[in-house]
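Input sequences plus hints: build the corresponding full structure.
Counting in the numbering used here, the final residue of the sequence shown is number 182, and the numbers go up one at a time with none missing.
Because the hints were derived from the structure by calculation, they are not lab data. Source: prediction; values computed, not measured. Incorrect hints may appear among the rest.
What the hints assert, rightly or not - With a straight-line cut-off of 25 Å between C-alpha atoms, the simulated SDA-like cross-links for lysine to any residue are:
id : residue 1 : residue 2
1  : Lys-132   : Ala-115
2  : Lys-151   : Thr-135
3  : Lys-151   : Asp-130
4  : Lys-151   : Gly-136
5  : Lys-132   : Arg-113
6  : Lys-111   : Asn-125
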Amino acid sequence: VFPFLFDSELKQRGARFYAGPLYLNNLITDGKLITGQNPWSVWATANAIEKALGHTPIPRQITAQYRAVQIIMSYNQGGNKS
101 VFPFLFDSEL
111 KQRGARFYAG
121 PLYLNNLITD
131 GKLITGQNPW
141 SVWATANAIE
151 KALGHTPIPR
161 QITAQYRAVQ
171 IIMSYNQGGN
181 KS
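Rendered as structure tokens:
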């Protein structure tokens, strides 16, 4: 357990912190640094690491849960424009 908020400490030390929407995918790449925030960033982070290592990620089966999260993320980013 940290006695401080991790993002606050990073900012205080001069880091750029990009907070993503709660629980949704948030992948940040800065040079060779690849980071993912939240549980739904796992696949995007793994794919980015594979590409950085010179490999082509193997396509994976998209699940109903993943599609639901993509819809939520889409709505969170742009709202319902229909």
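*Is Lys-151 close enough to Gly-136, meaning Cα to Cα at most 25 Å?*
Holds. Lys-151 to Gly-136 sits at ~15 Å (cutoff 25 Å).
*asked:* Given the hinted pair Lys-132 and Arg-113, is their Cα-Cα distance within 25 Å?
replied: Holds, because 20 Å separates the two Cα atoms, which is no more than 25 Å.
*asked:* Need the status of pair Lys-132, Ala-115: alpha-carbon distance at most 25 Å?
replied: Since the Cα atoms of Lys-132 and Ala-115 sit roughly 16 Å apart, the hinted pair holds (cutoff 25 Å).
*Is it true that the CA of Lys-111 sits at most 25 Å from the CA of Asn-125?*
holds, 21 Å
*Decide if the proposed pair is consistent with the structure: Lys-151 and Thr-135, CA atoms, cutoff 25 Å inclusive.*
holds, 14 Å
*Are the Cα positions of Lys-151 and Asp-130 separated by 25 Å at most?*
holds, 14 Å
Violated hints: none; the structure is consistent with every hint.
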